[in-house]
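Asker: Okay, here's what each chain looks like letter by letter:
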Amino acid sequence: MTGHGRPAATEGRAGTGHASYGASDLFVLYGKTVALGGVSLSAPTGQVTAVVGGDGSGKTTLMRCLAGSLAPDSGTIRRPAKERVGYLPASSGLYPDLTVAENLDFRATGYGMSRQVARDRAAEYLDRAGLRSASDRLAGQLSGGMRQKLAVIAAMLHQPELLILDEPTTGVDPVSRSGLWWLIARAAADGCAVVLATSYLDEAERCTSVLVLDAGMPLASGTPDEIVAAMPGTLREAPARPDGQLAALAWRSGGHWRVWDPGPEGGSRLAGTEDGSVLIEPDLQDAVTVAALGMAIAGGAS
Amino acid sequence: MWAMIVKEFRQLRRDRRTLAMMIVLPVLLLVVLGYAASFDVKTITVAISGPRASAIDGVLPKPFDVVLSAADQGRSWAQNQLRDGKAEMAIVTGGSRPLVLIDGSQLFAARAALTALAGLEHGSSASGAAGSVRGIGGAGGSAAGPAFAPKLTILYNPGLTTSDIMIPGLCGVVLVFVGTIITSLGVVRERQSGTLEQLAVMPLRPRDVFLGKIVPYFLVATVDLAIVLAVGIAIFGVPFRGSPAVFGLGALLFLFVTLGIGVLISSVSQNQGQAIQLAVMTLLPQVLLSGLIFPLTSIAAGVRWLAYFLPLTYFNQISRGVMLRAEPIAALWQPFLFLALLGAIVVTGATLRFRGYLAPAGRQRGARPAPAQPQGAAA
Chain A
683 MTGHGRPAAT EGRAGTGHAS YGASDLFVLY GKTVALGGVS LSAPTGQVTA
733 VVGGDGSGKT TLMRCLAGSL APDSGTIRRP AKERVGYLPA SSGLYPDLTV
783 AENLDFRATG YGMSRQVARD RAAEYLDRAG LRSASDRLAG QLSGGMRQKL
833 AVIAAMLHQP ELLILDEPTT GVDPVSRSGL WWLIARAAAD GCAVVLATSY
883 LDEAERCTSV LVLDAGMPLA SGTPDEIVAA MPGTLREAPA RPDGQLAALA
933 WRSGGHWRVW DPGPEGGSRL AGTEDGSVLI EPDLQDAVTV AALGMAIAGG
983 AS
Chain B
1110 MWAMIVKEFR QLRRDRRTLA MMIVLPVLLL VVLGYAASFD VKTITVAISG
1160 PRASAIDGVL PKPFDVVLSA ADQGRSWAQN QLRDGKAEMA IVTGGSRPLV
1210 LIDGSQLFAA RAALTALAGL EHGSSASGAA GSVRGIGGAG GSAAGPAFAP
1260 KLTILYNPGL TTSDIMIPGL CGVVLVFVGT IITSLGVVRE RQSGTLEQLA
1310 VMPLRPRDVF LGKIVPYFLV ATVDLAIVLA VGIAIFGVPF RGSPAVFGLG
1360 ALLFLFVTLG IGVLISSVSQ NQGQAIQLAV MTLLPQVLLS GLIFPLTSIA
1410 AGVRWLAYFL PLTYFNQISR GVMLRAEPIA ALWQPFLFLA LLGAIVVTGA
1460 TLRFRGYLAP AGRQRGARPA PAQPQGAAA
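Going line by line, the protein sequences match chains A and B.
First residue of the first sequence: 683, per my numbering; consecutive thereafter.
First residue of the second sequence: 1110, per my numbering; consecutive thereafter.
Treat the hints with care, as some may be off.
Calculated Cβ distances over 12 Å to all of chain A for the following chain B residues [what the hints assert, rightly or not]:
(1) Ala1179
(2) Asn1189
(3) Val1209
(4) Ile1385
Below, a sample of chain B positions facing chain A; criterion: calculated Cβ distance under 10 Å [claimed, not checked]:
(5) Asp1166
(6) Pro1312
(7) Arg1464
(8) Gly1465
(9) Pro1469
Honestly, the hints are just simulated from the structure, not real lab data.
We put the CB at the ideal spot given by N, CA and C, even for glycine.
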């Protein structure tokens, strides 16, 4: 990988007046492994942008580049000054041997917040997240969901302009996820550009825009509707897995099988509906799966 | 059980640094420390003053080694040589009987000097030098007089009490414990729990993080030092004859070095276990090679040079010099200078390593974040 010698650059350090933060054409290599290969992302203020992908897709690497803890090999990053960035790393970034209140106090002091503002805001967020009664508990003794909520509160306490959340809802129960989403929506409503990495496509569907990564490469991007609309070909739901070449284009969903027909360019392979399959409207999950299949087929062909 | 044994071996095999430290370092330490473990004093440095200084110089048998001689000086000069650590014994001539001053703060040298002097007094010197010394035993000394019957005075630690020389050195050991071991754990814990990445993206300068990290340990170590000193003085009756300010300055410099070593250790350790191992490995040589237990002059020359790279060696000289001999700062310039040099090197190295942590990681530095421990598991 040698064709991207342009040095990494960071723009917008002054921190104000940017309608959109994000990254352009990021390349990151770990040895010979391409962690990010020409990834771009736009995170407009007041909106939630999701970065979706499976394990090892490059989500965390992208989050670290945006937050400034990892320098890309090349590409441009647009982010405000450090004081205006909030970051929740994959490890939560909390001190397990400090209480909830002490963790927030450290964060508030580190970001130069006034004591009163920090106290009022922490009380409001903790209240809304159902953590008020746990403020004297050690962070290390909290449940996974409580800890994630605390980590999100800590990241957004200073009301950043850019809030970067690396898998904030992973391993969190549905009730806690709801609390987390209130916090995330609140940050966006306050004018913050929120970028969150997630493995859950149902969460991505709630976001304004989505970037899908696969093995460090951009697979699809746009609003959820745009990604669905851009899906090539058609989708059918079948009661059983098709045989032959079609098996490679089918995946299980619920109690049925979904079969992707690549369409005119790829040539329709579904001869008819004798097999009991019916044409269905794809959702984001389907569109992302199809995009991954398409890339795999293209990779295999090349 | 078998499953556990296999698992442990697999983990150990992957932790090559720990494995190397478990196998190589003990052997290395045994060899080094084996050569260091000696209480035998082979040479006793001597300063001679008074009109007969030149007469004695050259006739004193081994183990005495005359390093300073001044015919025109008296007792106060001789005593200053002991106070400033330039000699372990002084002979003042000119009176009816020579006066021998012994530095009691050099415990093993003092004991060896007493034994050697007793031999001279009874004319039992193997070299036969007692006969030569006999002639200058006093102003009216004669060949028929006693072999060598000086007046003896032991200074700084008249009772040759072990605690008097150990407590000042133990102050340094306490500082090493807090400064190196605890600090190395504090920083590596931050790294292991994944909070170092959080610090890196916060609007904190690396210098602030570094100082914020070590200042609490610095204060705790200072309190520890005060407690150890107070206990040593109150319970063991250890004297404090010198300037507290000089002692404090020495302790300050020494703490900077030990804290810097702690941060350096944490910067090369992957986990708390490695940090503790490394910290102990730096503590052991300091305890055994710095002159705290074994006199520096007794340590085999082949390993003695290591002592001059150890901060505790210099702190020992400062603490014993100030507490027992009331040594002024001018006489302690060498240990102060070397401690400052070590401090500059170590703290600069530690700061640079810390700056590297907090700078955005790049591919040259191995950009993958360290896997974080589960929150509850981090100590």
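Asker: Now, for every hint given, state plainly whether the structure supports it.
Answerer: Structure-based check of each hint:
no.: 1; hint: Ala1179; verdict: holds, 62 Å
no.: 2; hint: Asn1189; verdict: holds, 53 Å
no.: 3; hint: Val1209; verdict: holds, 60 Å
no.: 4; hint: Ile1385; verdict: holds, 18 Å
no.: 5; hint: Asp1166; verdict: violated, 65 Å
no.: 6; hint: Pro1312; verdict: holds, 4 Å
no.: 7; hint: Arg1464; verdict: violated, 14 Å
no.: 8; hint: Gly1465; verdict: violated, 12 Å
no.: 9; hint: Pro1469; verdict: holds, 4 Å
Comparing the model with each earlier hint shows violations of hints 5, 7, 8; every other hint is respected.
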